[in-house]
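Visitor: If you want the building blocks of each chain, they are given just below.
Protein chains: 2
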Amino acid sequence: MSSEPALGFKSALVTGAAGFIGSSLVDRLLSAGVRVLGYDNMSTGMEQFLDNARADSKFTFVRGDLLDAAQLRESMANIEFVFHMAANADVRFGLENPRKDLEQNTIATFNVLEAMRANGTHKIAFPSTGPVYGEATIFPTPEDAPFPIQTSLYGASKLACEGLISAYCEGYGMQAWIFRFVSILGERYTHGHVFDFVRKLMKDPSTLEILGNGRQRKSYLYIQDCLDAIIQAITRADGKVNIFNLGAEDYCEVNDSVKWITMHLGLSPKLQYTGGDRGWIGDNPFIFLDTARIRALGWKQKTSIREGVLRTVDWLQNNKWVFDRRT
Amino acid sequence: MSSEPALGFKSALVTGAAGFIGSSLVDRLLSAGVRVLGYDNMSTGMEQFLDNARADSKFTFVRGDLLDAAQLRESMANIEFVFHMAANADVRFGLENPRKDLEQNTIATFNVLEAMRANGTHKIAFPSTGPVYGEATIFPTPEDAPFPIQTSLYGASKLACEGLISAYCEGYGMQAWIFRFVSILGERYTHGHVFDFVRKLMKDPSTLEILGNGRQRKSYLYIQDCLDAIIQAITRADGKVNIFNLGAEDYCEVNDSVKWITMHLGLSPKLQYTGGDRGWIGDNPFIFLDTARIRALGWKQKTSIREGVLRTVDWLQNNKWVFDRRT
Chain A
18 MSSEPALGFK SALVTGAAGF IGSSLVDRLL SAGVRVLGYD NMSTGMEQFL
68 DNARADSKFT FVRGDLLDAA QLRESMANIE FVFHMAANAD VRFGLENPRK
118 DLEQNTIATF NVLEAMRANG THKIAFPSTG PVYGEATIFP TPEDAPFPIQ
168 TSLYGASKLA CEGLISAYCE GYGMQAWIFR FVSILGERYT HGHVFDFVRK
218 LMKDPSTLEI LGNGRQRKSY LYIQDCLDAI IQAITRADGK VNIFNLGAED
268 YCEVNDSVKW ITMHLGLSPK LQYTGGDRGW IGDNPFIFLD TARIRALGWK
318 QKTSIREGVL RTVDWLQNNK WVFDRRT
Chain B
18 MSSEPALGFK SALVTGAAGF IGSSLVDRLL SAGVRVLGYD NMSTGMEQFL
68 DNARADSKFT FVRGDLLDAA QLRESMANIE FVFHMAANAD VRFGLENPRK
118 DLEQNTIATF NVLEAMRANG THKIAFPSTG PVYGEATIFP TPEDAPFPIQ
168 TSLYGASKLA CEGLISAYCE GYGMQAWIFR FVSILGERYT HGHVFDFVRK
218 LMKDPSTLEI LGNGRQRKSY LYIQDCLDAI IQAITRADGK VNIFNLGAED
268 YCEVNDSVKW ITMHLGLSPK LQYTGGDRGW IGDNPFIFLD TARIRALGWK
318 QKTSIREGVL RTVDWLQNNK WVFDRRT
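Those sequence lines, one after another, are chains A and B.
Residue numbering for the first sequence follows the numbering used here, beginning at 18 and increasing consecutively.
Residue numbering for the second sequence follows the numbering used here, beginning at 18 and increasing consecutively.
These are computed hints drawn from the structure, not numbers from a lab.
Check the hints yourself; a few may be wrong.
[To be verified] Only pairs whose alpha carbons sit at most 25 Å apart, straight line, appear in this in silico DSS-like list of lysine-lysine:
(1) B:K117 - A:K140
(2) A:K317 - A:K257
(3) A:K117 - B:K117
(4) A:K287 - A:K220
(5) A:K337 - A:K220
(6) B:K220 - B:K287
(7) B:K140 - B:K217
(8) B:K217 - B:K257
(9) B:K75 - A:K117
[Stated by the list, open to error] Using C-beta positions, here's what the derived DEER-type ranges look like:
(10) A:I155 - B:G292: 39 to 47 Å
(11) B:S321 - A:N95: 34 to 42 Å
(12) A:I155 - B:V79: 39 to 47 Å
Quantities reported herein were computed from a predicted structural model and do not represent experimental measurements.
Ideal Cβ placement from N, Cα and C applies to all residues, glycine included.
Extracted from the complex, chain A is given alone in its bound form:
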């Protein structure tokens, strides 16, 4: 291995390191020769997701909370690049506890930025989300779509984080890569439609309850395609604030994924729809992002939505323990 790692930096801190996307990213960074400090409060992280990383001497883990500003600041010492993947990702239940999005997303991100500033760390990658576009009027939705009106506390908190990060770049000379994700799935996926469907079918293969009318259109991206895009962006885009949509080239209906999943599992459940054109208040009926900007950097989606869904189902079947950990 050369002394100059391929990614252009030697050390990284990954928040949410024991989560779905965080732990997958940790593995990627380690195999690229980067020294990684994983930071996670293990509130939803999975110890098992770090098995691979822990076998690598370049990996260190800190069990810490992002609301503990002192511990975070200390952990940031000698870090070149921050991947701030930790978040309250429980989009659906935002209305039951609005403080969660404020604290775990907005305030936590503020603490990350302050820890970076205190340590002279200048580079940050941040996963934002398609719901920041609110009820989009243009499909596929480009990064410079008309100024949106927020419809979910989750989207609003991610937009607040984007704003903080961008202002820190302008004010303190930092550099950021912000990714607006569609839903990501694949190995280690632990929440969302596919997870819920597989869990329900394991409990009762005869019926499947579907939130809404099943006609909600969704665009999913496979985790390794997502990580390819992040790596592509941080090595090829060099603006002050680099914003990229990350999504699939196509979309499916919830009904499509139901069909794929049930066929793959060899089941024919009776489908029960709760009705309405969205799954819950604030659910976006359609998120479909224009990815021309990231594709212009050479990135290409390799895994179709269907294939991504099936790999996820396979992984869930082989890792049933995750259902016990998530209630």
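Let chain A serve as the given structure and place chain B on it in line with the hints.
Guide: Chain B alone, transformed into the frame defined by chain A:
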């Protein structure tokens, strides 16, 4: 006075009630027959600005901090409409203490929304700001301009508030009127260009230091025109989230206002420019908003920028005590 007030509500809570815009709004609401509860922590508010209100039996004042969620919740009882005017408006010094914008704008607004939710209060008016458009690419800038990138902590915090308010409207059935202001001036104006210039000239009429090159273009709106627009909007627009730019039909250069002020004061100071195309890091070189949306409701700017500047200078000359209170 009829039993049904002209504005459609009988009680209002005004945060930042002792501030420039807040206290001017309090006076307007009282003269429209509304029972007003003023809420202010008096960190920058002026006791004198409430003299008029205190003479009205419909006015009550609570000295309270928006970070004191319990007191705020209690004060919100039986309130129909909230005018959340309190903010850290010290745009320029955001970089010296970034926590201030987070706490006094984002978290304070969250507390206001939670207090409303706890009390079943559904309507909120909120002053956002032109800087949420970042470095705008379209002039005059419309409300649905391309999705902006934030350049100041102040703009980022106001955008975070807009997002929270909009998500609460969607999730909890609230209704909001959000106003993106240019700089407002007039009687009770206590910070910004004109204030700084008059203060400097009172101290030393022979020279005037001007941040930047003086070519920064600015659009100012006179306080009574601003209040006209707010009243027009809340009585005529009835959407879920109503967003309006509020600004003047034209703009001036900082050099123009310098000329008007010095001529009005009969002074010929030597002008010293600090140089550069913006006053400070994160300063927007040009904010000029498209006000077609509010004009379509029948609103019209009555006072020119020049007239607004001169009225401000007159007021400052007649109220020199404000310079002792603001250091």
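Visitor: Next, verify each hint and record whether it holds.
Guide: We went through each hint and held it up to the structure:
1. At roughly 23 Å between alpha-carbon atoms, K117 (chain B) and K140 (chain A) fall within 25 Å of each other, so this suggested pair holds.
2. Proximity of K317 (chain A) to K257 (chain A) is assessed by CA-CA distance (about 24 Å); at most 25 Å being required, the pair is judged to hold.
3. With a CA separation close to 21 Å, the supplied pair K117 (chain A) and K117 (chain B) stays within the 25 Å bound.
4. With a CA separation close to 14 Å, the supplied pair K287 (chain A) and K220 (chain A) stays within the 25 Å bound.
5. Distance restraint check for K337 (chain A) and K220 (chain A): the Cα-Cα separation of roughly 12 Å lies within the 25 Å cut-off, and the hinted pair is therefore satisfied.
6. Pair hint K220 (chain B) plus K287 (chain B) holds up; C-alpha atoms about 14 Å apart against a cutoff of 25 Å.
7. A threshold of 25 Å between alpha carbons decides the hint, and for K140 (chain B) with K217 (chain B) the separation of about 41 Å lies outside it, so the pair is violated.
8. Restraint check for K217 (chain B) and K257 (chain B): not satisfied, since their Cα atoms lie roughly 45 Å apart, outside the 25 Å limit.
9. Of the pairs offered as hints, the one joining K75 (chain B) and K117 (chain A) is violated, with about 38 Å between alpha carbons and a cut-off of 25 Å exceeded.
10. The hint said 39 to 47 Å for the Cβ distance between I155 (chain A) and G292 (chain B), and at roughly 41 Å that hint holds.
11. The hinted range of 34 to 42 Å is not satisfied by S321 (chain B) and N95 (chain A), whose Cβ atoms lie roughly 57 Å apart.
12. Taking the beta carbon of each, I155 (chain A) and V79 (chain B) are about 45 Å apart, inside 39 to 47 Å as hinted.
The structure fails to meet hints 7, 8, 9, 11 from the earlier list, while all remaining hints are met.
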